Amino acid sequence: MVMPWPTRNFRAHPPPRRCHLRSAALAALLLRILITYKTPGEGTHVLRRAHSVRCVRARSQGAETGERLLRGPPGTKNTVDRKGGVRAVVTPPSGRRTSDGGLASSRVDPLRPQRIGERTRMDRALTLRSTTVGTKAIMAVTGAVLFGFVVVHMLGNLQLWLGAQAMHDYAVSLRKIHGVLWIARAVLLASVLGHAWSAFTLVRRNAAARPVPYKHARRDQATNYAARTMPITGVVVALYIAYHIMHLTLGVGVAAHDPQNPYNNVVNGFSNPLIAVVYIVANVLLSAHLFHGGYAWFNSLGLSNPRYAGMKRAFAMGLAGLITLGNVALPVSVLAGAVKPTTETFCSPELGPCAGPGVEPGR
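Mapping to our numbering: the sequence shown position 40 is 40, numbers consecutive.
None of these hints come from the bench; they were simulated from the model.
All values derive from a computational prediction rather than experimental measurement.
Glycine included, C-beta positions come from ideal geometry on N, C-alpha and C.
Errors might be hidden in some of the hints.
[Unchecked claim] Label pairs and their in silico Cβ distance ranges: (1) Ser-130 x Ala-314: 18 to 24 angstroms; (2) Val-278 x Arg-185: 33 to 39 angstroms; (3) Val-192 x Leu-274: 24 to 30 angstroms; (4) Ala-27 x Gly-134: 40 to 46 angstroms; (5) Val-254 x Lys-340: 17 to 23 angstroms; (6) Arg-307 x Ile-245: 39 to 45 angstroms; (7) Leu-29 x Val-203: 43 to 49 angstroms; (8) Ala-208 x Ser-271: 44 to 50 angstroms; (9) Pro-306 x Ile-232: 24 to 30 angstroms; (10) Arg-307 x Ala-137: 40 to 46 angstroms; (11) Leu-301 x Phe-149: 14 to 20 angstroms.
Construct the entire structure; sequences and hints are all you get.
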């Protein structure tokens, strides 16, 4: 036997009253949205906030006509546009005129009618530089650029173990890509400035938000000690970069500096135990900075799932450890006598003038 499809006699069993109330409330809400957020025509304005709609009676040329108006804030004057529609216009204190003859305010007023697509000061203020989230994003992006440079720089310096000729060829290859090299320098300089600015801004905002330090140090961070010493290690790394450029790149104060022989420049520089110790200590502090920076990089970009905290910690620690091991191995190998100066001479115009008897200077 086939059972008939269950039906309901709505006349004998009408739906509950609450269903009617819900339907009426939903219809009223949709009607309110359609009336309040109607599509503006040419020359009309729309209020930035949703006001309740009320029916008022407006007088036009002595006759009473019913109009549906938007209730504006105090000081609002309801006017009629060219098409007969009603709009609300706020009279600002400044009284400055716009291109269409209307009044505009120089201050940010969320109640003032705005043209669609118009950028206010509030919109312009919400930029990367003005928000903490945006500042952290700048720090994360610039930190990633600098992190990549440190890795590439370490791989290039490790060619010291391949001999003087390999080191010389590496320096010449960098000079041959002249345009790309200057673009890379500009990007690195912008990254250093952006990273330093974002770090200074975040430290200043934290100090302003809480002038009194916490009574107990935080223990919930995976990189606690490295995180607390980030401002110190950042300043030390900045000073180390400046010293490194003057010492090995420009040869400031180094009498035996030879642009044609970068191999001997590195070996002679690390032959001084004091200079070698300075490089070793600076690279250890750089490792702590890279460790916390690599871990916090994921959080700054929104990748902060607690399930992957162990993986992020291992990645940051492993990469920072490899970079430190590669950079520290160079001065240690020179101090241990594994790498010694060479008597070979080189001459490449890309590296500068070639000094020596019978050798024409490079262009």
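Taking the hints in turn, this is what the structure says about them:
1. Ser-130 and Ala-314 have their C-beta atoms about 35 angstroms apart, which leaves the hinted 18 to 24 angstroms range violated.
2. Under the hint 33 to 39 angstroms, the C-beta atoms of Val-278 and Arg-185, about 24 angstroms apart, miss the expected range.
3. In this structure the hint that Val-192 and Leu-274 lie 24 to 30 angstroms apart at CB holds, the actual value being about 26 angstroms.
4. Between Ala-27 and Gly-134 the Cβ separation comes to about 42 angstroms, which falls inside the hinted range of 40 to 46 angstroms.
5. The beta-carbon spacing between Val-254 and Lys-340, approximately 18 angstroms, falls within the hinted interval of 17 to 23 angstroms.
6. Distance hint check for Arg-307 and Ile-245: the Cβ-Cβ separation is about 42 angstroms, which falls inside the suggested range of 39 to 45 angstroms.
7. About 48 angstroms separates the C-beta atoms of Leu-29 and Val-203, a value consistent with the hinted range of 43 to 49 angstroms.
8. Remark: the range hint 44 to 50 angstroms for Ala-208 to Ser-271 is upheld by a beta-carbon distance near 48 angstroms.
9. Hint check: Pro-306 to Ile-232, Cβ distance near 28 angstroms, so the stated range 24 to 30 angstroms holds.
10. The given range of 40 to 46 angstroms is broken by Arg-307 and Ala-137, whose C-beta atoms sit roughly 23 angstroms from each other.
11. Evaluation of the 14 to 20 angstroms hint for Leu-301 and Phe-149 yields a pass: the beta carbon distance comes to about 19 angstroms.
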